[in-house]
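A.B. asks: Next come the chains, spelled out residue by residue.
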Amino acid sequence: MSVLRIYVEGIGLWSPQLANFAALRDVLAGATPELPAARPAATTLPANERRRAPESVLLAIEAAGQAVTMSNRDAATLACVFASAHGDQAITDYMCATLARAPTELSPIRFHNSVHNAAVGYWTIATGCHAPSTSICAQAASFGAALLEAASQVVAEQHPVLLVCSDIAGCGPLRDVTGSTQPFGSALVLAPQAGASARARLDLEVTAGSTVDPLVEPLAGWRVATPSAAGLPLLALLAGTKNGRCQLAAAEALGLQVDVEHVT
Amino acid sequence: MPTFMTPLAVTAYTATSAMGCGLAAQLDALRHARSGLRPNDISTTPLDCWIGRVDGVEAIALPAALEAWDCRNNRLAWLGLNQDGFLQRVHAARARYGAGRIALLLGTSTASIDATEKAYRQLGPDGAFPDDMRRPAVHTPHSLAAFVAAALELDGPCLTISTACSSSAKVFASAERLIQLGLIDAAVVGGVDTLCDSVLFGFNALELVSTEPCRPFDAARSGISIGEAAGFALLERSDTAPDAPQLLGYGEASDAHHMSTPHPDGLGAELALNDALARAGLDAAQVDYINLHGTASRKNDEVEAALVGRAFPATTRASSTKGYTGHTLGAAGIVEATIALQAIEHGLVPGNLGGETPDPGCGPQFAWRNEHQRVDVALSNSFGFGGNNACLAFARAGFVA
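Sequence lines, in order, name chains A and B.
The opening residue of the first sequence carries number 1 in the working numbering; numbering runs sequentially from there.
The opening residue of the second sequence carries number 1 in the working numbering; numbering runs sequentially from there.
No lab work stands behind these hints, which were simulated from the structure alone.
Please read all numbers here as calculations on a predicted model, not as lab measurements.
Every residue gets a Cβ at the ideal spot worked out from N, C-alpha and C, and that includes glycine.
Incorrect hints may have been included.
Some chain B residues flagged as far from chain A (calculated, every beta-carbon gap over 12 Å) [claimed, not checked]:
hint : residue
1    : I113
2    : L206
3    : S222
4    : A397
Just some of the chain B residues that point at chain A, by a computed CB distance under 8 Å [to be verified]:
hint : residue
5    : A68
6    : N82
7    : L159
8    : S162
9    : S238
10   : T240
11   : T315
Generate the whole structure from the sequences, applying the supplied hints.
C.D. replies: In C-alpha cells:
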C-alpha cells in the first residue's frame with residue numbers, strides 16, 4: 001500500500017471556543033484561552049466583502065488565512081481544497097423556506113452564495129489565486145476525504161496545497177436533521193518537501209474499515225457537534241510535542257492512518 | 001507547468017439527459033439535431049422558461065435495499081447507472097480489483113436538494129420535517145456519492161466534488177492522481193444534477209434564464225435553459241485496455257475574478273486549457289473537436305468564443321451542445337465528456353444547435369451544423385460559478401501525442 005508523505009507548514013483553526021491553533025494548545029495544556037469574537041474576522045477578505053459575506057465564507061477564510069500566514073507562503077500560489085460536509089446550512093434553510101413560500105422572491109445574491117464552492121471562490125478572488133481550486137464533501141468523512149484529496153495533489157503535482165474543512169451550525173428545521181450544533185473550521189498548508197516552514201511530517205496510508213480515535217473532553221464534545229471537527233485527532237497531535245499516530249475516516253468504509261512526526 | 005500525464009483508459013461510459021437514456025439515444029439526437037428541451041413543466045410554481053427534463057424519472061423505483069436514498073436526484077442516478085451495461089462493467093471491475101481498490105468520485109451541484117425543498121413544503125405543525133423525510137443522509141450534498149457507493153458496493157475513496165458547473169469534469173483529475181499514486185486501480189467518475197426549484201428560481205433571480213430554448217453563441221442569445229442529467233465513466237490504466245479511448249489530460253484553474261461572471265479575458269479558462277494541453281503533450285492544432293461550455297449566457301459565450309478564436313486554428317471544430325440538453329450544471333462536465341468520446345468513436349462533430357445567427361465574435365472554428373470527419377482528439381470545457389474552470393482532453397485508442 002502506498003504511503004503519501006507530506007509536510008505541514010501552517011495550521012489555522014476557528015470555533016466559538018478556539019480563536020486559533022495556539023488556543024487548542026492552551027486547552028490541551030489545561031489552560032483556558034481567551035474566547036474569539038462572535039464572528040470570524042476573516043481579514044483576508046476586503047472590508048466590503050467581509051460585511052456582505054455569509055458566515056460559512058468568513059469561517060473558512062479565517063481558518064485559511066491563519067494557516068497561510070503561519071506557512072509564510074503566498075496565498076496566490078496555493079492550490080485549494082476546501083471541504084464542508086453540509087455547505088452553508090443557513091442559506092439552504094433560507095432557500096428551502098423561501099421556495100416553499102414564494103419562489104419568485106429568492107434572493108440572487110443568496111443563490112450565488114449557496115454554491116458549495118462559494119468559500120473557495122471568495123478566497124481565490126481575495127488572494128488573486130489562479131491555481132486549481134476545488135470544493136468537496138464526504139459527509140462525516142469530509143475532513144479525512146479532503147486530506148486524502150489534498151495529499152494526493154501535493155504528491156502527484158509536487159505543489160503545495162491549502163486544505164480547509166469547515167461547517168457552520170445548522171439552522172431552522174434542517175438543524176434537527178443534520179445535527180450540526182456549532183461551527184468549526186480548520187486549515188492546513190501542506191507541502192511536498194521539508195522546507196524552512198515545515199512543522200510536522202505526515203505519512204498517510206489508507207486502511208480498510210473506518211474506525212476513529214477517541215478524544216479527550218472538551219474535544220470529544222466538539223467533534224460530536226459538527227462533522228468538520230473530525231480532524232481534531234490530527235490537530236491535537238500537531239498541537240502536542242510528541243510524535244504519534246491517529247486514525248481518521250476517509251469514506252464510509254475507508255480509514256486514513258496518519259503518522260505525525262514533528263520537525264524541529 | 002504540469003508534467004506529461006500517462007493516459008488512462010475510459011473503459012465504459014454512459015449518459016442520460018433530455019436527449020434520452022443511454023448513448024444510443026444521445027447519438028441519435030445528435031445525428032438528427034433533435035433538441036431535448038421542452039417548456040417548463042416541473043417547477044412547483046409556474047416559471048416561463050424551457051428545460052431539459054429526463055422522461056420517466058418519477059416512475060423509477062430504487063431497489064428495496066436502497067429505498068432510504070429515494071429522491072429525484074438518486075432516481076436519476078439509478079436510471080443512469082442502468083444504461084449501456086454500466087452497472088455490469090463496474091461489477092466486473094469490482095471482481096477484478098476488489099471493492100476497496102476502486103474510487104467513486106462524483107460531481108453535483110444540486111445533490112438531493114430536491115428532497116430538502118420537498119421536506120420544507122411539508123413541514124409539520126411543530127415546524128419539523130415529516131417523519132418520512134427525516135433521512136439525514138439524503139439532506140446533505142454527499143447524498144449522491146454515498147447512494148452510488150451503496151448501489152455499486154464500492155469501498156474505496158469516495159468523494160463529492162461540488163464546484164458548480166465544473167464539478168463532474170474535475171472528478172477526472174482527482175481520479176487520475178489517485179491512480180497515478182497507486183492508491184486505487186480504477187475509478188468510477190461522473191455526476192448527476194436534477195431539475196428543482198432551487199436552480200430554476202435561483203438562476204431566474206440572477207436573470208440568467210431565457211424564456212426561449214437556449215441559443216448558445218447566437219448573436220441574439222438570451223440566457224440559459226436548465227437541464228438535468230446523469231453520466232458516468234470507468235477509468236482504468238491504459239495497459240489493461242489498449243483498445244479503449246483515452247483520457248489524455250486535464251486542466252484546472254481559477255479566475256480569481258467574480259462569483260457569478262467569468263473573467264472578461266477568459267484567464268482561468270485559458271490556464272485550464274493550457275494545463276490540459278501540456279499534460280496531454282498536445283499542440284492546439286492537434287485538437288480536432290472542442291465541446292464548449294457554451295451556456296448561452298451573454299458573457300460566457302463572448303469570453304469562450306474569444307478564447308477559441310485566439311487559441312485554435314480553423315481546422316479545430318468547436319460547438320456547444322447545451323441546445324440539446326440544456327445546462328445540466330453539475331452534470332454538464334460528464335455529459336459533455338461522453339459527447340466528446342462519441343465524437344471520437346463515431347466521427348461526428350455535433351452542430352451548435354440554436355446558433356442560427358452566429359455571434360460575430362465566433363471564428364471559423366465553429367461547427368454550426370453536424371460535420372462528419374475523423375476525430376482523434378476531443379476536448380471538453382467546463383466552467384463554474386466562483387471562477388472554477390476545467391478542461392478535459394480525450395483521444396482515440398492508440399493515439400500518441
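A.B. asks: Check each numbered hint against the structure and report the violated ones by number, ascending.
C.D. replies: 1, 2, 5, 6, 9, 10 and 11
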